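Residue numbers (my numbering), protein chains in the order written: chain A, 1 to 246; chain B, 1001 to 1246; chain C, 2001 to 2246; chain D, 3001 to 3246.
No wet-lab data here; the hints were simulated from the structure. Quantities reported herein were computed from a predicted structural model and do not represent experimental measurements. Where hints are given, some of them may not hold.
[To be verified] Think about it this way: if two alpha-carbon atoms lie no more than 27 Å apart in a straight line, the pair counts; the simulated DSS-like pairs of lysine-lysine are:
{"#": "1", "chain 1": "D", "residue 1": "3217", "chain 2": "C", "residue 2": "2217"}
{"#": "2", "chain 1": "B", "residue 1": "1217", "chain 2": "A", "residue 2": "217"}
{"#": "3", "chain 1": "D", "residue 1": "3089", "chain 2": "D", "residue 2": "3217"}
[Stated by the list, open to error] Far from chain A, by Cβ distances over 12 Å, these chain C residues were calculated:
{"#": "4", "residue": "2069"}
{"#": "5", "residue": "2090"}
{"#": "6", "residue": "2190"}
Ideal Cβ positions, reconstructed from N, Cα and C, are used throughout, including at glycine.
Number of protein chains: 4
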Amino acid sequence: MAVDPEEATVTERPYDYSDLSALFVSCTLTPSPAPSNTEALMADSIEIMRRQGVATELVRAVDLDIAPGVQPDMSDQFPGDEWPQLMAKVRAADIVVLGSPIWLGEKSSVCTRVVERLYAHSSETNDRGQYLYYGKVAGVVVTGNEDGYKHVGMNLTYSMQHLGFTVPPQSDTAWVGEIGPGPSYADDGSGGPESSFTQQTLTFMTWNLMHMAALLKRSDGIPAHGTSTTAWQDGARFDHPRGDAL
Amino acid sequence: MAVDPEEATVTERPYDYSDLSALFVSCTLTPSPAPSNTEALMADSIEIMRRQGVATELVRAVDLDIAPGVQPDMSDQFPGDEWPQLMAKVRAADIVVLGSPIWLGEKSSVCTRVVERLYAHSSETNDRGQYLYYGKVAGVVVTGNEDGYKHVGMNLTYSMQHLGFTVPPQSDTAWVGEIGPGPSYADDGSGGPESSFTQQTLTFMTWNLMHMAALLKRSDGIPAHGTSTTAWQDGARFDHPRGDAL
Amino acid sequence: MAVDPEEATVTERPYDYSDLSALFVSCTLTPSPAPSNTEALMADSIEIMRRQGVATELVRAVDLDIAPGVQPDMSDQFPGDEWPQLMAKVRAADIVVLGSPIWLGEKSSVCTRVVERLYAHSSETNDRGQYLYYGKVAGVVVTGNEDGYKHVGMNLTYSMQHLGFTVPPQSDTAWVGEIGPGPSYADDGSGGPESSFTQQTLTFMTWNLMHMAALLKRSDGIPAHGTSTTAWQDGARFDHPRGDAL
Amino acid sequence: MAVDPEEATVTERPYDYSDLSALFVSCTLTPSPAPSNTEALMADSIEIMRRQGVATELVRAVDLDIAPGVQPDMSDQFPGDEWPQLMAKVRAADIVVLGSPIWLGEKSSVCTRVVERLYAHSSETNDRGQYLYYGKVAGVVVTGNEDGYKHVGMNLTYSMQHLGFTVPPQSDTAWVGEIGPGPSYADDGSGGPESSFTQQTLTFMTWNLMHMAALLKRSDGIPAHGTSTTAWQDGARFDHPRGDAL
Chain A
1 MAVDPEEATV TERPYDYSDL SALFVSCTLT PSPAPSNTEA LMADSIEIMR
51 RQGVATELVR AVDLDIAPGV QPDMSDQFPG DEWPQLMAKV RAADIVVLGS
101 PIWLGEKSSV CTRVVERLYA HSSETNDRGQ YLYYGKVAGV VVTGNEDGYK
151 HVGMNLTYSM QHLGFTVPPQ SDTAWVGEIG PGPSYADDGS GGPESSFTQQ
201 TLTFMTWNLM HMAALLKRSD GIPAHGTSTT AWQDGARFDH PRGDAL
Chain B
1001 MAVDPEEATV TERPYDYSDL SALFVSCTLT PSPAPSNTEA LMADSIEIMR
1051 RQGVATELVR AVDLDIAPGV QPDMSDQFPG DEWPQLMAKV RAADIVVLGS
1101 PIWLGEKSSV CTRVVERLYA HSSETNDRGQ YLYYGKVAGV VVTGNEDGYK
1151 HVGMNLTYSM QHLGFTVPPQ SDTAWVGEIG PGPSYADDGS GGPESSFTQQ
1201 TLTFMTWNLM HMAALLKRSD GIPAHGTSTT AWQDGARFDH PRGDAL
Chain C
2001 MAVDPEEATV TERPYDYSDL SALFVSCTLT PSPAPSNTEA LMADSIEIMR
2051 RQGVATELVR AVDLDIAPGV QPDMSDQFPG DEWPQLMAKV RAADIVVLGS
2101 PIWLGEKSSV CTRVVERLYA HSSETNDRGQ YLYYGKVAGV VVTGNEDGYK
2151 HVGMNLTYSM QHLGFTVPPQ SDTAWVGEIG PGPSYADDGS GGPESSFTQQ
2201 TLTFMTWNLM HMAALLKRSD GIPAHGTSTT AWQDGARFDH PRGDAL
Chain D
3001 MAVDPEEATV TERPYDYSDL SALFVSCTLT PSPAPSNTEA LMADSIEIMR
3051 RQGVATELVR AVDLDIAPGV QPDMSDQFPG DEWPQLMAKV RAADIVVLGS
3101 PIWLGEKSSV CTRVVERLYA HSSETNDRGQ YLYYGKVAGV VVTGNEDGYK
3151 HVGMNLTYSM QHLGFTVPPQ SDTAWVGEIG PGPSYADDGS GGPESSFTQQ
3201 TLTFMTWNLM HMAALLKRSD GIPAHGTSTT AWQDGARFDH PRGDAL
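Working from the sequences, and respecting the hints, build out all of it.
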């Protein structure tokens, strides 16, 4: 049951976020239908968004046959490439949340693959000449038996902002167990679902993603002045002090 | 000379950004008055902002005697600690840009020190209970003889968003020379000031920082609903699905 | 043509290394038979070893159908898993060199996959109870259009030493181009093959790998006292000051 | 009390390691005489070595006034620089162990400073022309309230091998608490000193450091053929396939 806004100690009320959409990309190594620990944590973020009317979808990337490569279209070399299915969902989403397990302190190979294919579209621009992902916001959800969530989070949030996503404050959340081998998030007795730290960081991440996505959507994205690749290529230098040499 | 907006190929005009302020924190290892390569690159971003009327200030951190530690007030152990001087400027700024050289592929020790002291204030909240840095935006400028700017950028942008800053798209810029030993950015013949890649990424970073800072300032920051530490401590759970157990 | 040892300014002569074997695992994203930039650089290391009589083999991992997962045997979920072919070669090698391109500042997804599968065998021990990879040495070769080789190198050398490999001095080499988009290593005019920095670091890496592999082989590996997982599980504590509580 | 070798399940006996020396550099942010969590963990490694007759010394870097900079001698700019005191100990040691706390997922600024100054000597060579640190081995000890030890470990082990140290298998150890704020290693009830994972990894690290240091010392270090900077500068190319152009 949602917290009654009347009882909230903050004065603001939630915006109407029912026009927002969020894509959750699970990068577990485990194919369906086996359960995923990372998805178990992602589910809480999805539920918070759902309660605000955000249209959410979760895709498990390992269920798709995603070709290696850094070109938008890899179908010549990999005829059955299913990346385009996932990319179509990315294009349509206001919010993209990457979820990854940790292995040896690192994000999964499935997650690395997803980032490579997102990157393959970095030469595309929107209708005002900005990189394709401008106006979208990104979050990260990580689970592991132990240590490594900040290392994964820093790589993934950086990759997303490099591609054009906005990274709101505290836009990653995680659960990891005690140092050394141990239970995974969804295992009985892990303590994961009860972790107040994880609950708080997940909640804050989720709201920051919605707030920022709405802020950008209401503002028609980020202004193109100074951020348009097409304009730069056409010679605009936007006040760069040595840019008037054109 | 600034590009004439009439000649820009984009349709938007710059906002009035004269109410914004930006603090550039140089983390060079070199004390004043010797020149800093990183500051030579930061100067271009400062100039773009200055042309929009943004109030800018550059502080060279190594010139201050900044104590080690992760408490807001270290003056008991380090009586001459000059961090509070810098922190006062951080509090007042809408935009904070960290600049660091690269040594052995890593940010400078001065930069690590600055982040530690910023982190020491992470328990402070603004008047609506959010972490202190909410509503501010962060950027990163890196220079080095070679390789390492993304590694530095991912650590610093992550640290800043973790503390509550918003990280706009493409909010870092850099120059590094060819692989191996070689000239620094401001050395004659380095090619640094002429690098079109560096010019573009610096320009885009600068505008993204201004756009996002203005967007947040015009919106009175990020809504506190779902992001207020004080409210969470008081029991608000903001629709977390297991948050109603309180 | 090899440098005449008579002309070398060092007094030592090379050992007889003809009993050593080295496996080079290329983690390019490009399937055969298209050329790989990273393999073009790896070829120089292979050639140096070959001249010393080391048995070398290069495997392009993307040509194999390597299942995701962190279990030694993934054939239940992925019947056609070809990892065991590669793992057999790892078991037989004294030296393992990982080669990876850089995409968005990161190692390739193929490389992440290889590390995951190496890690999946980390519960296996050799005949004296040490982790499987004890006694082997690891190196890293990286190429990219620009920036990122130290970030990739630190992750991969760390992963390898964590698994039990020894990491000799200066055991990674790389070539990256100037900042921004540009030619790849093997492209005409890249300057890669002529880079004296890359030539030197590749040469030093290669010799350090051979020297250390020989040193370990001549010494029958690393002593098991204090490093045997099986002994630890059996109760040996090897002078840990609180280890006698068992 | 040491485990009786008669009761160990391994067949090897410890070497005589009484000719080895080890320097432990604590990079806590806390000046003496206040206790350091990281040193509390380092003490266990020191004790294991002491029992084998290794000469050990612990230096707390923050107690020294170590100048910023990347030149061997910074005394012109920083007259009171105390780095040379610490560097003299590094020169004399067979084993160097860096210990660092974690703040915001990162090593301490004191640790970054120590690495910068180690790096400042990277142009020095030993009497056969190898980088100064060749023949020495490096380990890493990390403590933190939570998450981040692998991130710190990978940066520090990489930096050390880059400088010429050998990194033996599993040469880092750590303790971190559960996710979120919590007790530090030496706090009552932390569970740190009782962690079997930390005890094992510390023990294995310590023995690997001693085994490798002895192996290198008994072998008179790493052969200079193929690894001598001086020889390379003098024109030796050590079988690099395009190195005969000289």
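Hints, one by one, checked against the model:
{"no.": "1", "hint": "3217/D / 2217/C", "result": "16 Å, holds"}
{"no.": "2", "hint": "1217/B / 217/A", "result": "16 Å, holds"}
{"no.": "3", "hint": "3089/D / 3217/D", "result": "17 Å, holds"}
{"no.": "4", "hint": "2069", "result": "5 Å, violated"}
{"no.": "5", "hint": "2090", "result": "16 Å, holds"}
{"no.": "6", "hint": "2190", "result": "18 Å, holds"}
Hint 4 alone, counting from the list given before, is not met by this structure.
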